[in-house]
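Enquirer: Note that the protein sequences, when read in sequence, are chains U and Z. Add 17 to the 1-based position in the first sequence for this note's numbering, that's all there is to it. Add 17 to the 1-based position in the second sequence for this note's numbering, that's all there is to it.
To be clear, the hints were calculated from the coordinates, so they are not data collected in a lab. Keep in mind it's a predicted model, so treat the numbers as computed, not measured. Don't take every hint at face value.
As the list claims (entries may be wrong) - Below are the DSS-like pairs computed for lysine-lysine, each with C-alpha atoms no more than 25 Å apart in a straight line:
no., chain 1, residue 1, chain 2, residue 2
1, U, 114, U, 175
2, Z, 64, U, 114
3, U, 40, U, 20
4, U, 114, Z, 225
5, U, 225, Z, 114
6, Z, 64, U, 20
7, U, 32, U, 20
8, Z, 32, U, 64
9, Z, 225, U, 64
10, Z, 114, Z, 175
Chain residues, written in single-letter form:
2 protein chains.
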Amino acid sequence: MSKRELSYLTDLQSKPLRVDRGKELVHEGEAGQTAYIFQSGWACSFKLLPDGGRQIISFPVPGDCVGLRSMLLRTSDHSLSTVTEATIIPIQAARVKHMFNEFPYLGTALLWATSRDEAMIVEHLVSVGRRNAIERTAHFILELHDRLELVGLAADHKFHCPLNQYVLADALGLSTIHVNRVLRQLRTRELATFKAHEITIHNIAGLKALAGYASPEESLVVVRDGIERDGF
Amino acid sequence: MSKRELSYLTDLQSKPLRVDRGKELVHEGEAGQTAYIFQSGWACSFKLLPDGGRQIISFPVPGDCVGLRSMLLRTSDHSLSTVTEATIIPIQAARVKHMFNEFPYLGTALLWATSRDEAMIVEHLVSVGRRNAIERTAHFILELHDRLELVGLAADHKFHCPLNQYVLADALGLSTIHVNRVLRQLRTRELATFKAHEITIHNIAGLKALAGYASPEESLVVVRDGIERDGF
DNA sequence: CGACGCTTTGACACAACTCAACAACCGTGG
DNA sequence: CCACGGTTGTTGAGTTGTGTCAAAGCGTCG
């Protein structure tokens with residue numbers, strides 16, 4: 018990246034903004050919204066159903082950037098709320114659009130970044146579609162751990178996690194009560210503990226085995242031991 | 018787009034290629050793969066689990082382009098197989114990369130295109146996570162219908178659909194047998210029929226009501242009637 | 001005609017959901 | 001400092017949706 022591009026990127030960022038928890042930053046179907054970088058605090062992107070149900074798509078954590086892609090579209094296809102109090106850096110749509118014209122190469126760079134997001138959503142879909150409650154929860158914990166470790170927010174198989182069981186349920190596609198039961202099982206089986214907003218992984222190997230989890234680096238090693246199903 | 022860009026795009030396309038059904042075009046974790054445009058025939062992208070299970074992510078249909086994005090990454094994060102015999106137009110990775118340098122604006126264009134894909138995957142996630150079997154199936158039929166209508170492959174609430182119940186099950190996160198039961202219910206309730214590789218929608222309003230389906234155009238109208246859940 | 005792939009059915013088991021209540025926790029205000 | 005209310009977590013009992021197993025019906029194609 019050239020110096021000029023970099024300085025432009027820095028200029029894009031407005032002053033950090035402090036927002037309360039539970040604040041809806043982007044509303045589904047809303048037009049012309051801004052993007053945000055999360056400096057601290059957690060959020061969740063989700064869609065609501067007519068019956069009041071909710072499916073959480075992803076949890077942006079500190080260091081994550083949200084909504085950049087949807088600035089190119091007319092409207093956002095899902096909502097975004099903070100889960101905790103947070104400090105965010107808003108990025109104005111107009112300036113980003115201008116930037117795409119000025120430095121078209123950045124489109125490709127952004128494309129690369131969004132690919133990672135999509136891979137996460139795909140993995141989430143696999144979890145919800147084909148793993149049972151406990152595998153799904155285990156997988157979720159492991160993924161969260163790896164993401165947070167990457168930004169220095171997890172160490173020693175322990176990390177802060179401000180999600181309550183209602184939120185967890187909406188992410189995993191389960192009922193709150195069942196989430197509770199599953200967490201108890203993980204605790205009893207001495208795999209992981211979720212207590213006082215802190216998740217501790219006691220037996221990471223066991224948890225990975227249970228979840229069928231492939232670490233980001235290992236994910237090149239393709240799991241595909243036999244079993245060609247009929248149909249394709 | 019300039020004339021030069023357009024001609025470059027046309028040059029990218031190799032000769033159409035005919036492939037058998039059930040052929041795996043991209044293998045998960047594979048590096049340096051090519052992208053494809055589907056001229057005819059259906060495919061499915063999916064991930065396999067250690068236990069032999071499979072979650073289908075999406076069904077590329079004629080007119081769709083797959084794998085463009087993953088060419089920028091080192092490896093593909095999911096596999097791709099044809100579901101029927103198909104004619105595809107391969108696109109070489111090397112040439113696309115060169116093109117991104119030559120016409121950096123195209124990165125942004127592609128970004129726009131992939132956003133649509135991601136929106137579809139998100140909707141799929143919502144279905145699997147928060148809709149029951151029959152709602153999920155109804156939603157799937159409606160989405161397929163709208164996609165195919167867009168490319169002239171559906172008319173009169175009827176369209177050809179080469180998927181069998183095994184494949185459907187892997188897409189919807191259900192067992193084959195349950196898919197069968199659900200299809201029977203849709204038939205009995207005179208909402209839709211899936212017979213001889215052809216889907217007919219008898220009562221599109223009823224089906225939409227059942228699925229909680231928002232048509233692409235209507236999706237701006239946000240469904241959010243009350244019910245603020247606790248937790249966020 | 002037989003074989004194979006796909007669909008359909010029934011009986012049963014189990015995972016996950018619902019409802020209803022209670023217990024722990026936490027910040028607030030008296 | 002303690003009592004309070006609200007939020008969140010925990011349990012149990014009973015129900016329902018979906019999965020599993022087993023077997024039979026169809027169509028198609030060689």
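Enquirer: Are the hints correct? Go through all of them and say.
Expert: Hints and how they fare:
no. : hint             : in the structure
1   : U:114 with U:175 : violated (40 Å)
2   : Z:64 with U:114  : violated (35 Å)
3   : U:40 with U:20   : violated (36 Å)
4   : U:114 with Z:225 : violated (36 Å)
5   : U:225 with Z:114 : violated (36 Å)
6   : Z:64 with U:20   : violated (41 Å)
7   : U:32 with U:20   : holds (22 Å)
8   : Z:32 with U:64   : violated (42 Å)
9   : Z:225 with U:64  : holds (17 Å)
10  : Z:114 with Z:175 : violated (40 Å)
Consistency with the previously given hints fails for numbers 1, 2, 3, 4, 5, 6, 8 and 10, ordered from lowest to highest.
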